[in-house]
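Student: Each chain is listed here by its residues.
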Amino acid sequence: MIVELGHYALIMALATSLIQSVLPLAGARIRDNGLMAVAAPAAITSFLLILLAFIALTVSYVTSDFSVQNVWENSHSLKPLIYKFSGVWGNHEGSMLLWILILVFFSALVAMFGSNLPASLKANVLAVQAWITSAFLFFVLLTSNPFNRLNPAPLEGRDLNPILQDIGLAIHPPLLYLGYVGFSICFSFAVAALIDGRIDAAWARWVRPWTLAAWTTLTAGIAMGSYWAYYELGWGGWWFWDPVENASFMPWLAGTALLHSALVMEKREALKIWTILLAIMTFSLSLLGTFLVRSGVLTSVHAFATDPLRGIFILCILIVFIGGAFTLFALRAQTLSPGGLFAPVSKEGALVLNNLFLTTAMATVLIGTLYPLVLEAVTGAKISVGPPFFNLTFGPVMIPLLLAVPFGPLLAWKRGDIWAVTQRLYLAAGVSLLVALAVTYFATGAPVLAGIGIGIGVWLIMGSLTDIALRAGIGNASPSVMWRRLIGLPRSAFGGALAHFGLGISVVGIVAVTAFSTELVANVAPGGKIQSGPFTLEFKGLKPNSGPNYSELQGAFSVSRDGENIAEIVSAKRVYTARRMPTTEAGIMTTGPNQLYVALGDETPGGGTVVRVWWKPWVTFIWFGAIIMSVGGVVSLFDRRLRIGAPARRKAGAAIAEPTT
Amino acid sequence: MTRKQKRLTIIGGGMSVIGVAVLLVLFALQDQIVYFHSPSDVVEKQVVPGTRIRLGGLVAENSVSRGQGTQVEFAVTDTDHTVAIAYAGILPDLFREGQGVIVEGSFVPGNTVFVADTVLAKHDENYMPKEVADTLKEKGVWQGSEATQ
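So the protein sequences, as listed, match chains A and B. Under this note's numbering, the first residue of the first sequence carries the number 1, and numbering increases by one thereafter. Under this note's numbering, the first residue of the second sequence carries the number 1, and numbering increases by one thereafter.
Derived by calculation from the structure, the hints in this document are not laboratory data. Be aware that one or more of the hints could be misleading.
[Unchecked claim] Below, simulated DSS-like cross-link-like pairs (lysine-lysine); rule was C-alpha separation at most 25 Å, straight line:
hint: 1; chain 1: A; residue 1: K529; chain 2: A; residue 2: K543
hint: 2; chain 1: A; residue 1: K382; chain 2: B; residue 2: K45
hint: 3; chain 1: A; residue 1: K540; chain 2: A; residue 2: K529
hint: 4; chain 1: B; residue 1: K4; chain 2: A; residue 2: K267
hint: 5; chain 1: B; residue 1: K6; chain 2: A; residue 2: K267
hint: 6; chain 1: A; residue 1: K382; chain 2: A; residue 2: K267
Generate coordinates for the entire structure from the input sequences, incorporating the hints supplied.
Tutor: The following block contains the structure:
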């Protein structure tokens, strides 16, 4: 019964969204307040309806109702409860429903908290959101209905893919979708502005919190996904330049650029047209990502069983929205008035540089991701574009950007003095250079690039510290004045510095792991020893064990350092009963920022076991840095000028927003 | 600087960055990509030894044999032709005889054994690497019904 209710709610939500797509837009055209006022209640109603549908699906998962095809295909009565919840989106249909739920959640937020928006802008934004919602609801109802029934109902389900039976599934997709789909708000604001033909600094201020929120969750979502793949797949890698990873990384790069260009637009009213374009581009990349992942054109862990119809449907949605938005942009962009002027050397100039490099980097990733598809469609040749391509293109584009990062926050608006800024960064530069030299000198056998890379990471870290120190007036004010200044700094200043600091931490982690990690594959018999990093592992042999829906062979290793036993690592090979599917459970020991990673392989005829051991120094810095970036986003989100909103269309809050530069 | 000069500086800077990126991409697309071949392609087209390629097909029945230490030998087939593979390391969880697989590596000059450094199997019981599925469909040995469930 609840299943039919959910299905019905989904259809009702489509009806509501269709109304919300048309009436408010017409209202904004003919200046009819009554019609425009339809938008907000309609948005909230769709949200509640889709929430109901989502709850209905969750209930059928938790109660293991195998008469629902989707539950039968992806669940099992013995599956632990948490995976019955997260399993709702561990499949194509359910994850599309989550996608739409988050989309309407954002629409509802705009409806509820957008009271300070001009009525016509709000109506247009919500109408554009409703177009997207309607398109995807059609998609779900026509090609991917999670509420299809089976008759007769099977007795037992086919279980969730074991790789997905992990806490990561509870966290990674919701966070990632909050980010992906959160950019829809920026898209809707951009399209609404184009329809309106009017755009100013206030627009940027309204869009900024949404961009920030989406960026923050996307950052955390990508980091979480990376860590999940790292420990779950048992391959020891944290990023594979897999097309699906790229699909989430491209909106992140564009979104990061948007975050920075919106800053220029808000403070200086420059880069308007560019910011609009970026907003459209970012969400277009999110849609492209959804298409790549959901259509099954790619080989990946994310591609569930696929159906060509779905791919074509999403491709149509993609073409209509991206094509439509860019056409509108082409037609209307000239009507937007150009913004303020600035010198090439200025904060605006630095942010333009940031945008230039980020979008170029994004383009290289885009080419690397799509080229195999295009080539196969055109010539039939099948190729794979792997890490070497991205290392050669993405890497060189990012290095100058990373070098430039510490300069940006220190430059003045309009016209900056690069020489004065350089002087202020002497200390940061000195420290980084020393670290780079020390790394090159002490780490014998490491590539020279490692020293440079770590130096760049330290440069980012020191640069962000310098930024905060200068703003607080360290060195030319008394401690109490300094403290008051530090407390009084706007949250966004801390947020920005934290994000750059986190970036530096991640860079250090990435470089350290790339340069200094060691990998060893060995065939060991019980009692055999393996040397990895500073540790010695002794293999204690395999012993069987069983869990609720799997049985496993556990291999235990005792880890010792300098003859002293310090820990035990257990790695396992599991077989999930329902699907007869084996997985590798890596054994990981974390010491400080480093990790020792052990994966079991097959048993060999002589009674041994193939074991793969990695020593990964500083590896946790990669994700730790990303988390710091996210925290920076959250801190920035609580900035006063965003909290109090921007009731006036111009200038309001400018005095608060701009600290000493 | 005049307005025009400022604009030129910015546009010129932008163009040079994009130009360098384009060169890098073109260079990388020339050298850093890996072609996918089926065992029949390998036999028919004569892949130059030393070129990195991906080879995909089914793991031939009764072909897997373990050697010294971590050495494994097996064969990849598309039912018309079969290529012997040598690999040192851990095989993926879902590696099994009769199942789809993609290996990456190269032929050693003067030898018909393909030396793989990477072996990719699927992540999911119901999933076949797309390239392999296409190859098998061409050969008419596709029996999967993955797409319809």
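Student: Hinted pair, alpha-carbon criterion (25 Å max): K4 of chain B, K267 of chain A. Please report holds or violated.
Tutor: holds, 23 Å
Student: Does K543 of chain A lie within 25 Å of K529 of chain A when you go C-alpha to C-alpha?
Tutor: Measuring from Cα to Cα gives roughly 18 Å; hence the hint holds.
Student: When you check the alpha-carbon spacing of K382 of chain A and K45 of chain B, does it fall within 25 Å?
Tutor: This hinted pair holds, its Cα atoms lying about 14 Å apart.
Student: For K382 of chain A and K267 of chain A, compute the direct alpha-carbon distance and say whether it is at most 25 Å.
Tutor: At roughly 48 Å apart (the allowed maximum being 25 Å), K267 of chain A and K382 of chain A break the hint.
Student: Within a Cα-Cα threshold of 25 Å, do K540 of chain A and K529 of chain A meet the stated pairing?
Tutor: Distance ~10 Å between K540 of chain A and K529 of chain A Cα, so the pair holds.
Student: Just to be careful, I want the Cα atoms of K6 of chain B and K267 of chain A compared with a cutoff of 25 Å; is the pair within it?
Tutor: OK: K6 of chain B and K267 of chain A at ~20 Å, within 25 Å.
Hint compliance for this structure: hint 6 is the single one not met.
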